[in-house]
Structure formats: structure tokens, C-alpha cells
Amino acid sequence: MIMKNITLILLKVMNNSMFLTLLFIVVGLFSCNGGTAKETDGTESPLDTICKSEAIKTIPVDTIPKYAQMIIDAYPEFDIKYSEGNLVFMDGSIIVCDDKKEKGFVEKLDNCDIEDMFSMSYDTTAVEPAYLNDCGRGRNEELFKKMYGSTELAARKNLVSVDWFGQKIPFTKINGASVQLKKVASELQKSPQLRKYLTNASSFYWRKVRGANRQSAHSYGIAIDINTSYSNYWLWSNPKRSETDKIRYVNRIPMEIVKVFEKYGFIWGGRWYHYDTMHFEYRPEFL
5 MIMKNITLIL
15 LKVMNNSMFL
25 TLLFIVVGLF
35 SCNGGTAKET
45 DGTESPLDTI
55 CKSEAIKTIP
65 VDTIPKYAQM
75 IIDAYPEFDI
85 KYSEGNLVFM
95 DGSIIVCDDK
105 KEKGFVEKLD
115 NCDIEDMFSM
125 SYDTTAVEPA
135 YLNDCGRGRN
145 EELFKKMYGS
155 TELAARKNLV
165 SVDWFGQKIP
175 FTKINGASVQ
185 LKKVASELQK
195 SPQLRKYLTN
205 ASSFYWRKVR
215 GANRQSAHSY
225 GIAIDINTSY
235 SNYWLWSNPK
245 RSETDKIRYV
255 NRIPMEIVKV
265 FEKYGFIWGG
275 RWYHYDTMHF
285 EYRPEFL
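For the sequence shown, this note's numbering assigns the number 5 to the initial residue and increments by one for each residue that follows.
Some hints could be false.
Unchecked claim - Derived SDA-like pairs (lysine to any residue); straight-line CA-CA distance at most 20 Å: (1) K107 <-> Q219; (2) K212 <-> F169; (3) K186 <-> K267; (4) K267 <-> L198; (5) K263 <-> F169; (6) K263 <-> Q184; (7) K177 <-> S195.
To be verified - The calculated label-pair distances, taken between Cβ atoms and stated as ranges, are: (8) K212 <-> D103: 19 to 29 Å; (9) D95 <-> L291: 20 to 30 Å; (10) P69 <-> R218: 19 to 29 Å; (11) E111 <-> S87: 37 to 47 Å; (12) V213 <-> Q171: 37 to 47 Å.
Read the hints as simulated data drawn from the structure, not as lab findings. Here the structure is a predicted model, which means the values were calculated and not measured. Idealized CB from N, CA, C, for every residue including glycine.
Generate coordinates for the entire structure from the input sequences, incorporating the hints supplied.
Given below as C-alpha cells:
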């Protein structure tokens, strides 16, 4: 009877500003976290129902994996959400984060899902890359084509011109990539002794990666190759080696240049075991 009387009082003051205060008092008295609130006949009271519904609300519906959150944070322009193992875009389209397939090193490059992209860490402290650490070399094509353009024509429509040491470099405006490249150029202009490494650069080029069937980052307008006269590429030095063979690391690009690029969200191909020291790529999810 006590419970029934209290419930009647609550119902009468539902339109009163004191309703919530009274509700919290009652919930505390009858302890939703461990107590009971039963009618004398053993049936569930209205308060018991309230307690159960509130408990349901506190259960997290989806726990976002760290790698998915890194994508969400890196590309706010797309307002990406996470739901039931998928990245969800504003237009309702989805990208599966983990295809649940066991993959070797090469397959992770050729058939890279979102989780695979983060199977290695981007190490800015290592003097030389660890064996087979190519963080950022794997790209989920569905994601990058969604953001930057699924065809050459679509990607070209997103390009703007960036002044780069006497050149006009086409670079995508999507995700603020061109703005960040302008910041790189502005900062490097303060170090004229580095200019020789930065001239004769190249950027947008819709193509496949050399020797593979996956799209190059240059296709999306997010990559720039600086002066090849001072650059090293693993296949130039090791033309007959496979992706899993051990190779010797070579680099001539000053770390001063690398640090400036990384400061503005660009990863460096010189941090890959399969080094490409001329290559810088806008990948803020790793930095």
C-alpha cells in the first residue's frame, strides 16, 4: 500500500517542477541499484519499471574501436559515425571496418580493410623502419575513393593549386589537405638550404601502385613526391627483391624536412621498411 500511495502522489505532480526531485528521492529510498519496489500482491510497480528502463539506458550500445575513432577524428569534414562494426557516412553508406579475414603482409596491402590500416604503428622515433613496418602504405580504397573521388574525373574536381618552390602543385582541397600543404611550404621557405630537395616535385597522377593492382595515393591528390635527384626507393635499389625479402635502408632526405611535413599531418615514405623517401602523404589519422 505504501508503494501505491507514493505512486499516486507522483502521478498527481507530474506537471509540477518538483516531479523530478521527488522521483530521485523515491528511487534512492527503494534503491534501483539493489533494492526492490514491489506492490503488496507481488506484481511490478511503476517505479520498478522506471528503474529497469533507466538501467537499460546506461548500457553502452556500441564501443568504438580505437582505429575507428582515429578515422572519425582525422576526417571531421565527413561527420563519420561508427555503428555495429561499420563506418557510417552522412549519406547512409557504410564501410565495413573488419572483414574478419586472416591476411599475410602482401594481402593486407592489396585488400586492406580499415582495421588492417592500423595493424602497424607509425613510428616517428625509429632511425630505421622495423622489418615489414609499412604503416600507411596500406589504404582502404573504398574509404579513400569515398572521400577524394572514385574516378580520375571526380578526383580532379577536388584539386586546387598550391604554390610550391616555383611550381604550381595540384592538390586536393578535401579534408583541408591543400591548406596543410601550404603550411608546409610556408615553413620550409624559412630554410633556403633545403630548397634543392624540394624542387621538381610531382603530385596528382591517377594510377596504380607500381607492380600492384591497388590505387596509388597520388590518385587522390593527397601525395607529393619531392626532388627525385635526392631520393631513394626500395625497388630502385632492389629490383629483384620481393615484398617480404630483407633489404638495406637508404635515405638522403634531411629529417628537418620530414618533421615539418609530419607537423601538418603528412606521413613520410621514408618511415616505411619499403622506403620511398621522396614521398609524403596526407594521413592525419596516424599523427
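Tested hints:
no., hint, result
1, K107 <-> Q219, "holds, 19 Å"
2, K212 <-> F169, "violated, 27 Å"
3, K186 <-> K267, "holds, 12 Å"
4, K267 <-> L198, "holds, 17 Å"
5, K263 <-> F169, "holds, 18 Å"
6, K263 <-> Q184, "holds, 14 Å"
7, K177 <-> S195, "violated, 26 Å"
8, K212 <-> D103: 19 to 29 Å, "holds, 21 Å"
9, D95 <-> L291: 20 to 30 Å, "holds, 28 Å"
10, P69 <-> R218: 19 to 29 Å, "holds, 23 Å"
11, E111 <-> S87: 37 to 47 Å, "violated, 27 Å"
12, V213 <-> Q171: 37 to 47 Å, "violated, 24 Å"
Checked against the numbered hints above, the structure breaks hints 2, 7, 11, 12 and satisfies the rest.
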